[in-house]
Amino acid sequence: MRSILMLCVLSSLVLAEFESDLQLKLILAEPGDTIQLDSGLFPILGTLSMEGKQDIVIKGTGMNGSILDFSTQVEGAQGLSITNCKNITLEDFSVQDAKGDAIKCQYTDGITFRRVKAQWLGGPRSINGAYGLYPVQCENVLVEHCVAIAASDAGIYVGQSKNIIVRFSEAFDNVAGIEIENSTLADVYGNNVHGNTGGILVFDLPDLVVKEGHQVRIFDNIIKDNNLDNFAPEGNIVGKVPSGTGIMIMATEMVEVFENTIIDNKTAGTAIVSYFITEEETKDSQYNPYTSSIYIHDNIYRRNSQIPTLDHDIGLLLFFHFFRDIPDIIYDGMPDPSHISNNGLIPNARRLCIADNVDANYLNLELSKNFNSWYSPFFADFNTDANECNCTLEPLPEVILKIDH
Amino acid sequence: MVLAVFFAASPIFPSHPVLEHALPQLSEYGFFLEPIKEQIPTGLVLPYAIASPLFSDYAEKLRFIKVPKNETISHDEDLELDYPVGTFLIKTFYYLSDNRDLDSERRLIETRILKKTTSEWIAIPYVWNEDQTDAVLALAGHRTDVSWIHRDGTPINILYSIPNMNQCKSCHVYKNVQQPIGPKVRNLNIEFSYDEGKKNQLEKWISIGILESFNELSSLPRTVDYENPHDGTLDERARAWLDINCAHCHRKGGPAETSGLHLDLEESDPTKLGIFKPPVAAGRGAGDRKYNIVPGKPEESIMEYRITSTDPGVMMPELSRKLVHDEGVKLIQAWIKEMPEGR
Chain G
38 MRSILMLCVL SSLVLAEFES DLQLKLILAE PGDTIQLDSG LFPILGTLSM EGKQDIVIKG
98 TGMNGSILDF STQVEGAQGL SITNCKNITL EDFSVQDAKG DAIKCQYTDG ITFRRVKAQW
158 LGGPRSINGA YGLYPVQCEN VLVEHCVAIA ASDAGIYVGQ SKNIIVRFSE AFDNVAGIEI
218 ENSTLADVYG NNVHGNTGGI LVFDLPDLVV KEGHQVRIFD NIIKDNNLDN FAPEGNIVGK
278 VPSGTGIMIM ATEMVEVFEN TIIDNKTAGT AIVSYFITEE ETKDSQYNPY TSSIYIHDNI
338 YRRNSQIPTL DHDIGLLLFF HFFRDIPDII YDGMPDPSHI SNNGLIPNAR RLCIADNVDA
398 NYLNLELSKN FNSWYSPFFA DFNTDANECN CTLEPLPEVI LKIDH
Chain H
7 MVLAVFFAAS PIFPSHPVLE HALPQLSEYG FFLEPIKEQI PTGLVLPYAI ASPLFSDYAE
67 KLRFIKVPKN ETISHDEDLE LDYPVGTFLI KTFYYLSDNR DLDSERRLIE TRILKKTTSE
127 WIAIPYVWNE DQTDAVLALA GHRTDVSWIH RDGTPINILY SIPNMNQCKS CHVYKNVQQP
187 IGPKVRNLNI EFSYDEGKKN QLEKWISIGI LESFNELSSL PRTVDYENPH DGTLDERARA
247 WLDINCAHCH RKGGPAETSG LHLDLEESDP TKLGIFKPPV AAGRGAGDRK YNIVPGKPEE
307 SIMEYRITST DPGVMMPELS RKLVHDEGVK LIQAWIKEMP EGR
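Protein chains in written order, with this note's numbering: chain G, 38 to 442; chain H, 7 to 349.
Chain G on its own, in the form it takes in the complex:
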């Protein structure tokens, strides 16, 4: 008891009282505890962290009620950092103006973000932190009824994780609204993703510890007006996403996109591309840069006539060929050569299939054929007949989370 007294006295008198008190609670929490955050705007100077805990709830009074404000942060690269935990729930609070990522959660099995907001108040700026809600190398991730605003990379970013649901959330003013990267078994549905540079991204990137993702379903989302200028700091892969991208699927396999409403994304309603589109090289021998088994069906596309982004090579090319009426679904035409069978065809199960969409125009860039020199794509005769993708795939299974409550 004496030791607790000493450390509380010391901390309380020297650090800001709220911050030290909360940090101490995060250190001393025991399984089953709920750490309650009061209403108010609380300035925090350093990363708050929770390590090695199980069955803890951190709960505020509402995402506009309990606000952890990091605008005067002097140390640490995250707002809230959760590592090596099990079954953690974050509820009803907001993290704003973190110097780096707002809430990062790593090596955790069972992490729920519910009615949590991550925000940078100054709007889209490259000096904002990279990620809003950022579970990485986690299992059983649930993000629901959350809001992410103005992250300079992705508002809601799930990386190198497994068993994931992102639903009923809103993301705007970010470079990427929602991004699922090198992750397996993800359901992304019922989200409102608008006003970002790119709405929903599903990427596999090279040179990471967790190599490949697959089995991602994107359905029932509204993906609208993702036409924000790309404000990612240069060098970041997300900086390659053209402004005006609704959904972008890159270098991954087994993705099902269905029953979404994809409206007024000026450059590409839905793009299915290989890693080559980034013009980056990789020496990762275990990396597969191609897409395969992609199924785009039953989506509603609508697009007012408007010019695509001119800040991007592909945007310029689209503008040159199509002016203001840009196709909705754009494929780079780079199938995985390892799937091409002796007859030169790709088995159905490995193809890009497009079926039963409303008002979806199609374009195949055929990267390997039409991009031999910088000017050749401008003279190429692109295929815009979606019949080449006329097939269906087996629906992917629903994601079932294993989270105890």
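Don't read these hints as lab results, they were simulated from the structure. It is possible that some hints are incorrect.
Unchecked claim - Below 25 Å or equal to it, Euclidean Cα-Cα: the simulated PhoX-like pairs (lysine-lysine) are:
| hint | chain 1 | residue 1 | chain 2 | residue 2 |
| --- | --- | --- | --- | --- |
| 1 | G | K123 | H | K296 |
| 2 | H | K343 | G | K320 |
| 3 | G | K199 | H | K181 |
| 4 | H | K258 | G | K248 |
| 5 | H | K181 | G | K248 |
| 6 | G | K320 | H | K296 |
| 7 | G | K199 | G | K248 |
| 8 | G | K123 | H | K258 |
| 9 | H | K303 | G | K277 |
| 10 | G | K199 | H | K258 |
| 11 | H | K296 | G | K277 |
| 12 | G | K320 | H | K303 |
| 13 | G | K439 | H | K336 |
| 14 | G | K320 | H | K258 |
| 15 | H | K303 | G | K248 |
| 16 | H | K181 | G | K123 |
Said to hold, decoys possible - Derived coverage of chain G by chain H (criterion: at least 3 residues anywhere in the stretch with Cβ under 8 Å from a Cβ of chain H; other residues may be distant):
| hint | stretch |
| --- | --- |
| 17 | 82-92 |
| 18 | 134-140 |
| 19 | 309-320 |
| 20 | 329-335 |
| 21 | 371-385 |
As the list claims (entries may be wrong) - From the structure, some residues in chain H lie toward chain G, with a derived Cβ separation under 7 Å:
| hint | residue |
| --- | --- |
| 22 | A146 |
| 23 | K175 |
| 24 | P285 |
| 25 | G289 |
| 26 | R290 |
The beta-carbon is built from N, C-alpha and C at its ideal position, and this holds for glycine as well.
Chain G is fixed; fit chain H onto it per the hints.
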């Protein structure tokens, strides 16, 4: 007043595993003779040094190890040291009021203890009081103003951060388990000035029976001292600096493995070391630069940008510094500059 703050701010906490091991004040462990600010070790407590230290805002460090009586540190074929339960690693951080004058007043700031318990290593942070009579347990960390005259005569004033228990682990974690960082065979394989004269530390530890002997001591690896321009090659010194300053996170099994950037001395894959490696989740930490290392061009390399920054959202390492390690930055700049250009 003090009690009022305590009761107002803190609920009554249940016991916490660390509190079974953490004594309220440093003096209670009996590691040092009184007055303990002199840091003169008692009985089984032995001072040591490591070849290439972590930069922590130019703080000086005193390191001690206490191995329980009649116990021995063993090692395996990979030279991993296995410390017996009950081992303490003790590290005190201090500043001289004038770095140019070794006899100037010394202010002890914090003492960090790593204790090997039956299950794992635990980290226990202590903060020195103003009178320097003792250091007090500070699980939630602490911040304090520190001033000194630097080597070049400039006065420096920083808000020094003493990490909280979780922050201790954020660096000391490997494969989710807390571990010591510095005292590895290759870092300990250097001479130390003992009372009886200079001696190789491993030899000394073996001679007093706290370390299992090696077949051939002379063939053991040794990390170079990056601060000594005559020790090893430029590449070896730069790699030593990266190893101790970055690789506790940036290695396979470390918390920054998600970045794909692995900077431990054992890494040999050029991409994993950062050469022409695009960032993954660096955000504005990339500083509008495209690759972690562009050979021959430090000014285009993200690594150089991040170790030169003091912005919490950009700088690397994330913790342990408010200042730029000028000497370390120059070393890394020279190292990148020396690499042949192109892929």
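Query - Hints breached by this structure - result: 1, 13, 15, 20, 21
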